[in-house]
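Undergrad: If you read the protein sequences in the order shown, they are chains B and C.
Per the numbering used here, the first sequence starts with residue 1, numbered consecutively.
Per the numbering used here, the second sequence starts with residue 1, numbered consecutively.
It should be emphasised that the hints constitute simulated quantities derived from the structure, not laboratory data.
Only pairs whose alpha carbons sit at most 27 Å apart, straight line, appear in this in silico DSS-like list of lysine-lysine:
1) Lys91/C - Lys169/B
2) Lys169/B - Lys87/B
3) Lys120/C - Lys22/B
4) Lys87/B - Lys147/C
5) Lys147/C - Lys179/C
6) Lys87/B - Lys78/C
7) Lys83/C - Lys87/B
8) Lys147/C - Lys120/C
9) Lys138/C - Lys22/B
Incomplete in silico selection of chain C near chain B, CB under 10 Å:
10) Lys13
11) Leu59
12) Lys78
13) Asp79
14) Tyr111
15) Glu117
Okay, the calculated beta carbon distance ranges per label pair:
16) Ser116/C - Lys22/B: 21 to 27 Å
17) Thr253/B - Asp28/C: 16 to 22 Å
18) Ala139/B - Arg75/C: 46 to 52 Å
19) Asn45/C - Lys22/B: 35 to 41 Å
20) Tyr100/B - Arg189/C: 38 to 44 Å
Glycine included, C-beta positions come from ideal geometry on N, C-alpha and C.
Here are the chains, one letter per residue:
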Amino acid sequence: MNWRGELNKYLASTYKNWIISKRNVFTLFELFFWPIMGLLTIGLLTRFLNVSSNTVSFLLVGSIALTILQTSQMDVAYVLLFDMWSKSIKNTFIAPIKSYHLVFGALLFGIVRGTFVFGILVVVSNRLFGFDFLAGGIAPVLIFLVGVYAMAAVIGITVCISILTFGQKADVAAWSLSGVVLLVSGIYYPVEVLPPALQALSRAIPLTYFLEYYRSVYISGPHNIVLGALLAALYLVVGLMMFAWSIERARRTGIMLRLSE
Amino acid sequence: MSEISVKAIGIFKGYKSFFGKNTEVLKDITLEIRSDEIFGILGPNGSGKTTLISIFSTLIYPEKGSLKILGLDSRTEKDAIRKQINISTAKPNFPWSLTVRENLKHYAMLYGMYGSELKKSVDEQIEAFELEEYRDIKFEDLSTGLKQRLSLAKAMLNRPRLIFLDEPTTGLDPEIAIKTRQLIRRIHRENEVSVILSTHYMPEAEMLCDRIAFLRHGQMVAQDTPQNLKNQLHLGERMILHYVGPVNIDELEHIPGVMRIKAEPGIAEIVIDRTAENVDRIIKLFAGASILNIDIIEPDLEDVFLELAR
Numbered sequence: 001m002n003w004r005g006e007l008n009k010y011l012a013s014t015y016k017n018w019i020i021s022k023r024n025v026f027t028l029f030e031l032f033f034w035p036i037m038g039l040l041t042i043g044l045l046t047r048f049l050n051v052s053s054n055t056v057s058f059l060l061v062g063s064i065a066l067t068i069l070q071t072s073q074m075d076v077a078y079v080l081l082f083d084m085w086s087k088s089i090k091n092t093f094i095a096p097i098k099s100y101h102l103v104f105g106a107l108l109f110g111i112v113r114g115t116f117v118f119g120i121l122v123v124v125s126n127r128l129f130g131f132d133f134l135a136g137g138i139a140p141v142l143i144f145l146v147g148v149y150a151m152a153a154v155i156g157i158t159v160c161i162s163i164l165t166f167g168q169k170a171d172v173a174a175w176s177l178s179g180v181v182l183l184v185s186g187i188y189y190p191v192e193v194l195p196p197a198l199q200a201l202s203r204a205i206p207l208t209y210f211l212e213y214y215r216s217v218y219i220s221g222p223h224n225i226v227l228g229a230l231l232a233a234l235y236l237v238v239g240l241m242m243f244a245w246s247i248e249r250a251r252r253t254g255i256m257l258r259l260s261e
Numbered sequence: 001m002s003e004i005s006v007k008a009i010g011i012f013k014g015y016k017s018f019f020g021k022n023t024e025v026l027k028d029i030t031l032e033i034r035s036d037e038i039f040g041i042l043g044p045n046g047s048g049k050t051t052l053i054s055i056f057s058t059l060i061y062p063e064k065g066s067l068k069i070l071g072l073d074s075r076t077e078k079d080a081i082r083k084q085i086n087i088s089t090a091k092p093n094f095p096w097s098l099t100v101r102e103n104l105k106h107y108a109m110l111y112g113m114y115g116s117e118l119k120k121s122v123d124e125q126i127e128a129f130e131l132e133e134y135r136d137i138k139f140e141d142l143s144t145g146l147k148q149r150l151s152l153a154k155a156m157l158n159r160p161r162l163i164f165l166d167e168p169t170t171g172l173d174p175e176i177a178i179k180t181r182q183l184i185r186r187i188h189r190e191n192e193v194s195v196i197l198s199t200h201y202m203p204e205a206e207m208l209c210d211r212i213a214f215l216r217h218g219q220m221v222a223q224d225t226p227q228n229l230k231n232q233l234h235l236g237e238r239m240i241l242h243y244v245g246p247v248n249i250d251e252l253e254h255i256p257g258v259m260r261i262k263a264e265p266g267i268a269e270i271v272i273d274r275t276a277e278n279v280d281r282i283i284k285l286f287a288g289a290s291i292l293n294i295d296i297i298e299p300d301l302e303d304v305f306l307e308l309a310r
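So here's chain B without its partners, still in its complex pose:
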């Protein structure tokens, strides 16, 4: 098969997620309502607490990162969830596709949606709270976004693995992963305020490093973006391998059939 055929195997998931999203009125909530509400809440809180401009930037970067992460991770997980909800998993997995076709095709759409949300939040945070997200130039923004999208892919893959391993209801548990990320990766506070055990956990999460890197543009401080990037790459590779393994396992155990019923 030539490269265009191979490319279309990836784009099949992008295409499906795009059509489903554009026909779903609640997509507007995912793209506009919740992201803007989240940003406004945090922005207004900083005004009420009358915090310094450094703290404002700290919190707004965290809020925006969390919103993009949640938007994009959903798109990766949707690649399996849409099939599961419509009971059409058999039709997908009888085709000659691999786990990475599904993940990267869905992630591409997640990146498009995430970047769209990012654009809206950059404008809103600039107009309402005077925070310039692009102050450090385009390169730090791109590096930061790559980190967030890699993290989103890892969480989305984990949701898919949970469903294929434990069945339909497992997605609820898997979503709680983003709660763990919220707690320990320094979204709204520096990881140094965490108890030592949780600090150790935060150092195992790539998003922690990408947040520190991006915040260093506004508030000088140490960061280890290389380690963050290596961890993200490692988790992505391991996640893809485990996703492939969980597909094979679902075929062996018969969960693949039960997910279609």
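Could you slot chain C onto chain B? The hints should help.
TA: The following block gives chain C in isolation, referenced to the frame of chain B:
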């Protein structure tokens, strides 16, 4: 000489519960299916038909046994197999909010089609399955019959050499079911596609299938052409006589070839292994009465099914 589409030897499959309890669903299935035939897998609900079709289509894997699909090993050459097969599932389901055309395009992309080849294949299937006027209707708004046609169209997208149809007419009204059967026959004939279908609807199997296998409790209890199965099981023919007047029904038991007798006043239903001689003797027994009507009914697959399901 035709090729072999499926060669299965000693296939076993069980499902383990969370606590490790194993429920055996298929036991020691061995069969060979030729590429030029429509092969039917029959059996009551829960007999393992869907599991067997899912194994043949590489959707799930057997625990034990050897399986070759289109001459390829199902363990080591899965991708090569998947490129050349497709499936139409029981109760067809597709992403709800995608239209007929969008669904076909999505699945064509999963098979690595692109550009004009993709468009041509989608358009061809829409035309072949008479879906033109529904091409922009969302899947959730289609009738059951149209969903089934979409499912068959999707199964033909990658121009497969072998397709699996899992209960293709379940839930369809009789008129649509007849049309669907005609479509299946056309797919097989015109596209030279090997067809393996599961059904618990006996007339469908009799109409479509060159050969059939009966499953019961996960085991294959018979495998042959419909006619041979009927002959092998010695099911006999049902002779139904409506009469008026005195007849000694007990005498029927002494006529060679009479297998079963069910009698009510005025009606006698006799199952016989028919020969000219025993029919003659039966008629003679009714000489003292007036025969109003005689029907002789050949056994059908329903009878085979009932016999094998016992």
